[in-house]
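S.K.: Protein sequences appear in the order of chains A and B.
All you need for the numbering used here is the position in the first sequence, starting with 1, plus 38.
Mapping of the second sequence onto the numbering used here: position 171 corresponds to residue 165, and the numbering continues sequentially without gaps.
If you are wondering where the hints come from, they were derived from the structure by calculation, not from laboratory data.
In this text the structure is predicted, and so the values were computed from the model without any measurement.
One thing to keep in mind: the hints can contain errors.
Here are the simulated lysine-lysine pairs, DSBU-like style, with alpha carbons at most 30 Å apart [claimed, not checked]:
#1 A:Lys171 / B:Lys153
#2 A:Lys147 / A:Lys178
#3 A:Lys81 / A:Lys171
#4 B:Lys130 / A:Lys171
#5 B:Lys111 / A:Lys147
#6 A:Lys184 / A:Lys171
#7 A:Lys184 / B:Lys153
#8 A:Lys147 / B:Lys153
#9 B:Lys111 / A:Lys178
#10 B:Lys200 / A:Lys184
#11 B:Lys111 / B:Lys208
#12 B:Lys130 / B:Lys111
#13 A:Lys283 / A:Lys147
#14 A:Lys147 / B:Lys130
#15 A:Lys147 / A:Lys171
#16 A:Lys178 / A:Lys81
#17 A:Lys184 / A:Lys147
#18 B:Lys208 / B:Lys130
#19 B:Lys111 / A:Lys171
#20 B:Lys153 / B:Lys208
#21 B:Lys130 / A:Lys178
#22 B:Lys153 / B:Lys200
#23 A:Lys184 / B:Lys208
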Amino acid sequence: MNASSTAASRRHADQPTVLAYEGVRKLFGDFVALQGVDLQVHKGEVVCLIGPSGSGKSTLLRCTNALETLDGGRILVDGQALPANETEVRQVRRRMGMVFQSFELFPHKNALDNVAMGPVTVLGMPEAEARQKAMALLDKVGLAAKAQNFPANLSGGQQQRVAIARALAMNPEVMLFDEPTSALDPETVGEVLSVMQRLAQEGMTMVVVTHEMGFARRVADWVVVFEAGAIIEQGPPAQIFDNPKTERTRDFLGHLGWNG
Amino acid sequence: MNLDWSVVWTHRQALTHGALLTIGLTVLTMLLAVPGGIVLAMMRLSHQPLLSRASLAFVEFFRNLPLVLVIYWVFYVLPMTTDVQLSPMSTAIVALVLNVSAYNAETFRAGINSIRKGQLEAALAMGMSRHQAMAKVVIPQAARRVLPVLASTWVSLFKDTSLVSVIAVADLAYSAMQVRAQTFRVLEMLTAMAVMYWLMGYPQAKLVDWIHRKYGVKE
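Okay, chain A solo, but in the shape it has when bound:
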């Protein structure tokens, strides 16, 4: 059930390791959110983290860009351990784009400025250039026409697509998605997933926490099943969804009504 037995079917196994989690532990008071997680993410891979709520998937994602600190183990980004020092953490963060469940667009800026803000503030890009880049990214997510809209005047799906454009504006090596469609109306879920799928096809390395099993089945190269702060199974989607190796994976998918 671990990497060695399934390496043959891991399409990107020969690619460099972008993220390596080694014995990652995280506590919230007495609650053990992560109890020694080992996982590797290769370049160009789409890794979907699935599992019941509270099983540690989002926590692992938030540890990846140091929004949470670790209580044990370590995370290597391109072979380098996540630094402790604030300035160095910022260097790592700008190489990762993050998309949040609740979008977190900046309500006092229009869509264009939301996207242009990172390059201007963090990379010191001239404003005209950043706006041009932002416009191209909004076009890419199909929202060039909404560039002047403020977040309050965009639907949930549109806001999340702007948020994806905002993360892409930093030219990240890895994109982290924290339940990007969980707060959306069902009719707008599709537009966000299709943007993500296109991104995957372009070769973006992505770690996606999701409850969208159809998306994981279709797009993921590697699926990781969490329960109670630990990985209970990982493998290619065909294994996880069609032929799970553990009873608990079967139970979890069964509860979701997944039947292959």
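Take the given structure of chain A and dock chain B to it, following the hints.
M.R.: What follows is chain B alone, placed relative to chain A:
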């Protein structure tokens, strides 16, 4: 009853000066108490326990004392315990700024805390420093939420400046009382004073209502 309203016109100059001083006191107090409140709020939200507790102590001290007592204390007790003797005008400003800074500190703190944590995280996740995230993302949003509250504080302050008349600062209240004492025209002068405060206060209150509508939280 024998009323003589001409007394108001006769003393128009003193009353006008008083009204201007009242406005000036309000403006000057706010100009000092806004930065004061920001500094106190930043201290309160800092991770340094010493700064945070000092700010908390300041705020709770001045928020829970009657303003008139602070005015008396600065004017009478301060010179007894130290060598500092402030003029009535300086006393008035010090007392008002201490009081209003404490209120503003709570306003700014609440404004900053009202911005969802996810907003700060989204800014940090892009690689912004904490300082940039506050300046570009949190504070601009907090300012809009705080503005209506500041405007309300302004209107209260405008009326509360009348308390400085107890140490003979010649604001509108003091000037009107002086005329009353000289002429014994109690009803006329107190009415004139009420009308003047109201005429100046009402447009401000309406302006506050407008600010509430324009900048109130909509999300």
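S.K.: The structure should be examined with respect to each hint, and the outcome stated for every one.
M.R.: Going through the hints against the structure:
For the hint linking lysine 171 of chain A to lysine 153 of chain B, the alpha-carbon distance of about 53 Å lies beyond 30 Å, and the restraint is violated. A hinted pair counts as satisfied when its Cα atoms are at most 30 Å apart, and lysine 147 of chain A with lysine 178 of chain A qualifies at roughly 20 Å. The suggested pairing of lysine 81 of chain A with lysine 171 of chain A holds, with an alpha-carbon distance near 24 Å, which does not exceed 30 Å. Annotation: proposed proximity of lysine 130 of chain B to lysine 171 of chain A holds, straight-line Cα distance about 20 Å (limit 30 Å).
In summary, the hint linking lysine 111 of chain B to lysine 147 of chain A is supported, as the alpha carbons are separated by about 18 Å, within the 30 Å threshold. Distance hint between lysine 184 of chain A and lysine 171 of chain A is fulfilled; the C-alpha atoms sit about 15 Å from each other, no more than 30 Å. Of the supplied pair hints, the one linking lysine 184 of chain A and lysine 153 of chain B is violated, its CA atoms being roughly 47 Å apart against a limit of 30 Å. Of the supplied pair hints, the one linking lysine 147 of chain A and lysine 153 of chain B is violated, its CA atoms being roughly 37 Å apart against a limit of 30 Å.
Distance restraint check for lysine 111 of chain B and lysine 178 of chain A: the Cα-Cα separation of roughly 29 Å lies within the 30 Å cut-off, and the hinted pair is therefore satisfied. About 36 Å separates the Cα atoms of lysine 200 of chain B and lysine 184 of chain A, which puts this hinted pair outside 30 Å; it is violated. Straight-line distance between C-alpha atoms of lysine 111 of chain B and lysine 208 of chain B comes to about 24 Å, which keeps the hinted pair within the 30 Å bound. Proximity of lysine 130 of chain B to lysine 111 of chain B is assessed by CA-CA distance (about 14 Å); at most 30 Å being required, the pair is judged to hold.
For the hint linking lysine 283 of chain A to lysine 147 of chain A, the alpha-carbon distance of about 48 Å lies beyond 30 Å, and the restraint is violated. A hinted pair counts as satisfied when its Cα atoms are at most 30 Å apart, and lysine 147 of chain A with lysine 130 of chain B qualifies at roughly 10 Å. At most 30 Å may separate the alpha-carbon atoms for a hinted pair to count; lysine 147 of chain A and lysine 171 of chain A meet this at roughly 16 Å. Simply put, lysine 178 of chain A and lysine 81 of chain A have alpha-carbon atoms about 22 Å apart, close enough for the 30 Å limit, and the pair holds.
At most 30 Å may separate the alpha-carbon atoms for a hinted pair to count; lysine 184 of chain A and lysine 147 of chain A meet this at roughly 13 Å. Proximity of lysine 208 of chain B to lysine 130 of chain B is assessed by CA-CA distance (about 21 Å); at most 30 Å being required, the pair is judged to hold. Under the criterion of a C-alpha separation no larger than 30 Å, the hint pairing lysine 111 of chain B with lysine 171 of chain A is consistent with the structure, at around 28 Å. Proximity of lysine 153 of chain B to lysine 208 of chain B is assessed by CA-CA distance (about 24 Å); at most 30 Å being required, the pair is judged to hold.
For the hint pairing lysine 130 of chain B with lysine 178 of chain A, the CA-to-CA distance comes to about 26 Å; that is within 30 Å, so the pair holds. This hinted pair checks out: lysine 153 of chain B and lysine 200 of chain B have alpha carbons roughly 15 Å apart, not beyond 30 Å. Between the alpha carbons of lysine 184 of chain A and lysine 208 of chain B the distance comes to roughly 23 Å, so the proposed pair stays at or under 30 Å and holds.
Taken one by one, the earlier hints fail for this structure at numbers 1, 7, 8, 10, 13, listed in ascending order.
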